[in-house]
Amino acid sequence: MASLQEPWLLENGNLKGCSKEIRHGRTAHNMSSSSLRKKSDLTLVSKVRFVMLRQFLTNLQEVILGTKLSVLFPAIPLAIVAECYGFGRPWIFALSLLGLTPLAERVSFLTEQIAYYTGPTVGGLLNATCGNATELIIAIFALSQNKIDVVKYSLLGSVLSNLLLVLGTSLFCGGIANLRREQKYDRRQADVNSLLLLLALLCHSLPLLFRMSGASAALTANPTLQLSRASSIVMLIAYISYLVFQLFTHRQLFEAQEESEDDDGVSEEEPVIGFWSGFIWLVGMTVVISLLSEYVVETIEDASDSWGISVSFISIILLPIVGNAAEHAGAIIFAFKNKLDISLGVALGSATQISMFVVPLCIVVAWIMGIKMDLNFNLLETGSLALSIIAVAFTLQDGTSHYLKGLVLLLLYIVIGACFFVSKMPLSNGIDTIIGA
Amino acid sequence: MESAGDLSYMENGESNKSLMGKETCNNNGGVIRTAQNRSSSFMRKKSDPMLVSTVRFQMLRQFLANLQQVILGTKLAVFFPAIPLAIAADCYEFGRPWIFALSLLGLTPLAERVSFLTEQIAYYTGPAVGGLLNATCGNATELIIALFALYQNKIHVLKYSLMGSVLSNLLLVLGTSLLCGGLANLKKEQRYDRKQADVNSGLLLLGLLCHMLPLMFRYAAQSSGISIAKSTLELSRASSVVMLAAYIGYIIFQLKTHRQVFDAQEDGEDEDEEKAVIGFWSGFSWLVGMTLVIALLSEYVVGTVEAASETWGISISFISIILIPIVGNAAEHAGAIIFAFKNKLDISLGVALGSATQISMFAVPLCVVVGWIMRIPMDLDFSLLETGCLALTILVVAFTLQDGTSHYMKGVVLCLCYIAISVCFFVHKVPAPLDQTIVNSELNSA
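Protein sequences, first through last, are from chains A and B.
The numbering of the first sequence is the UniProt record's numbering, which starts it at 1 and goes up by one.
The numbering of the second sequence is the UniProt record's numbering, which starts it at 1 and goes up by one.
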């Protein structure tokens with residue numbers, strides 16, 4: 001089978017030359033989630049006598065047990081069991097959420113493995129597209145069930161979580177751990193991301209302002225939709241040029257920091273599973289993610305009713321924390337080691353990806369499916385987004401960091417969370433409500 | 001005639017001038033070549049005097065030389081025939097949309113020629129007055145259109161066109177310059193002096209504050225039911241005086257005390273020689289004449305904008321915010337892009353930001369003051385959607401320019417912002433005079 005032979009091939013060939021990161025497209029995402037990996041202990045498996053069985057078990061061990069988050073894997077079959085045997089729906093919700101956490105991390109691992117085979121550019125593209133696969137799948141399922149508010153809230157929450165929570169905790173922990181040292185990062189990468197987020201903010205604000213200044217709901221509903229769809233195309237164009245910028249013309253701004261130290265056995269430059277097995281695992285995991293996402297979207301109202309928390313709070317705060325758990329942990333670990341470029345790359349890159357790729361993609365998909373989703377995320381949400389983006393852009397524009405920056409961003413997130421906790425607005429299921437005329 | 005005499009005087013004095021250096025850094029006798037002058041100088045053609053020198057009579061020859069310099073001295077001269085066509089269309093009652101389109105086309109070369117004439121006159125008046133002249137006349141077209149709209153009481157057209165001019169300068173001109181410059185200089189580092197950009201951003205933010213106060217005032221009072229039209233007007237008029245004071249401070253800063261921040265980059269290459277090509281009085285009379293023609297065409301534009309909007313099926317706001325400023329800015333736009341290609345971003349930024357500052361801190365408050373004198377209730381409340389767009393634009397531009405480097409991605413984002421805003425106004429088909437009739441009725445009842 002290919003998997004055992006590939007490592008030999010790469011070891012014999014000369015891996016020197018251009019820097020490792022470029023060759024294998026090790027973006028900040030990859031390096032960050034790699035810190036959650038465990039080095040697989042192959043001694044147990046090597047006792048098995050049959051070769052094919054051994055290879056299969058090696059494969060299994062790499063993929064299933066290769067992460068510290070694999071303790072949460074049992075939640076997946078439990079969730080399926082709960083669905084089939086009719087346990088309480090809030091239980092299905094909670095178990096599905098727990099099951100999604102390791103799956104998100106494994107998808108990122110598999111994408112990285114496949115990237116070894118496809119080269120840096122396609123690898124980077126793959127990572128850029130699949131990096132937030134969980135959020136994308138949840139959003140599409142909610143869209144198909146016509147729960148447009150859940151889509152908007154969950155995507156918004158994802159952006160807020162990346163910008164404030166992940167970034168805040170990274171800067172805070174990094175600042176505390178490196179109190180005596182100076183913490184610097186390359187501000188050009190942060191500037192490009194902030195600029196794209198400001199463009200996204202503009203595209204979100206225009207339909208909102210349009211709505212608020214317009215005469216009546218009936219008169220402005222259709223133009224708002226047209227405006228949103230055109231803006232989505234604009235945002236997708238911006239995202240494509242961002243990819244061209246990041247992967248082709250200005251690569252040097254985005255390379256993960258190269259250090260010569262030994263990074264706790266962060267994996268050597270060779271894949272541990274073959275291309276086709278990686279691909280099959282990826283497809284399989286995506287199917288499982290889809291299943292769990294369907295459970296999550298279906299049971300969200302019941303969970304909200306029985307726990308007494310508003311749907312907006314669950315969508316904006318709880319769902320993204322789960323979806324981002326792996327990246328979050330990775331970003332904090334790299335901040336501890338004073339490698340802020342990687343933490344920033346993870347947090348900002350994720351936020352940019354969601355706001356410039358996933359959101360417009362959902363609108364285009366809704367357009368194709370005939371669902372009326374627009375970019376008008378309502379006043380409270382758009383206001384929170386605007387202030388978060390401005391705060392983050394301002395925080396990151398000088399190229400240095402200390403723990404107070406992280407603390408401020410964290411506190412911003414807590415305030416926004418409190419705001420959505422107390423706001424128990426009714427879910428409108430596709431009919432937009434007008435803000436007090 | 002005076003023009004030939006002046007010409008020879010300049011030629012004799014040329015050696016002295018070149019010793020004093022081409023740029024204005026250290027001498028007071030040299031000529032101010034601001035960013036705008038250098039940018040529009042690219043649209044000039046070098047006049048070929050050979051054809052004219054065959055004419056026998058001296059005065060006729062000088063007159064024809066003059067004519068050639070002024071009328072044919074630009075690549076945009078192809079648009080000049082639109083002017084008589086527009087006048088003919090108005091006299092012979094062609095379709096009103098035709099009058100609109102032809103007037104717009106005719107305004108394009110006129111705007112550029114006015115800038116050229118201003119530069120020529122500046123050679124004679126010295127740097128300070130020349131700089132002032134340029135600062136005032138640089139956006140003559142927009143100002144004249146605005147004053148005519150005010151006079152015909154089409155205040156929404158006025159507000160839209162001024163705001164569209166600011167947006168066009170900040171997003172379209174700046175965006176395309178940064179984009180083209182970035183693509184052309186992919187391997188080079190692109191830097192510019194951020195102090196100039198910072199000063200302009202600061203002034204634009206002040207303008208934004210003055211726009212937002214009446215707006216928020218109106219929304220705050222609406223919920224409590226008090227009639228505040230009169231107070232909004234007083235607030236707007238006071239803010240206009242503040243903005244004009246800020247603009248005067250900016251002029252002093254730019255032309256007297258901190259000139260070195262604004263000097264165009266010196267490169268030692270071969271530029272136009274430092275001498276005027278037409279005499280002072282002929283330049284002055286051409287300037288007056290061209291201003292009259294601009295006034296005439298602007299009157300046509302303002303008078304026919306509703307007819308054009310109905311015929312073409314596009315909203316008035318789109319025409320005023322997007323189409324009219326693109327035409328008015330065409331010459332500066334092309335010049336800014338050309339300088340960006342050569343990696344001289346300071347000049348491109350000077351053109352775009354300087355124009356935007358001039359319009360928002362000079363043209364807008366001037367219109368409010370003129371409205372005050374003419375007893376027309378023009379205020380600074382540009383309604384929610386437009387003020388929101390302005391606020392986000394200024395925010396994006398201030399953030400983009402605050403680090404002193406550039407790459408094509410910045411240009412891409414600015415251009416896409418402009419496209420998003422254009423689409424917004426394209427689909428915005430709300431009846432325009434809605435706000436103004438409310439204000440008028442409130443004032444009448446007060």
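Since the hints were derived computationally from the structure, they do not count as laboratory data.
There may be inaccurate statements among the hints.
Stretches of chain A that chain B covers, calculated by requiring three or more beta carbons in the stretch to come under 8 Å of a beta carbon on chain B [to be verified]: (1) 238-248; (2) 354-360.
Covered by chain A, per the in silico footprint, the following chain B stretches (three or more residues, Cβ under 8 Å) [as the list claims (entries may be wrong)]: (3) 380-391; (4) 397-406.
Being a predicted model, the structure only gives us computed values, none of them experimental.
Every residue gets a Cβ at the ideal spot worked out from N, C-alpha and C, and that includes glycine.
Quick rundown of the hints versus the structure:
no.	hint	verdict
1	238-248	holds (count 4)
2	354-360	violated (count 0)
3	380-391	holds (count 5)
4	397-406	holds (count 5)
Hint violations for this structure: number 2 only, all remaining hints satisfied.
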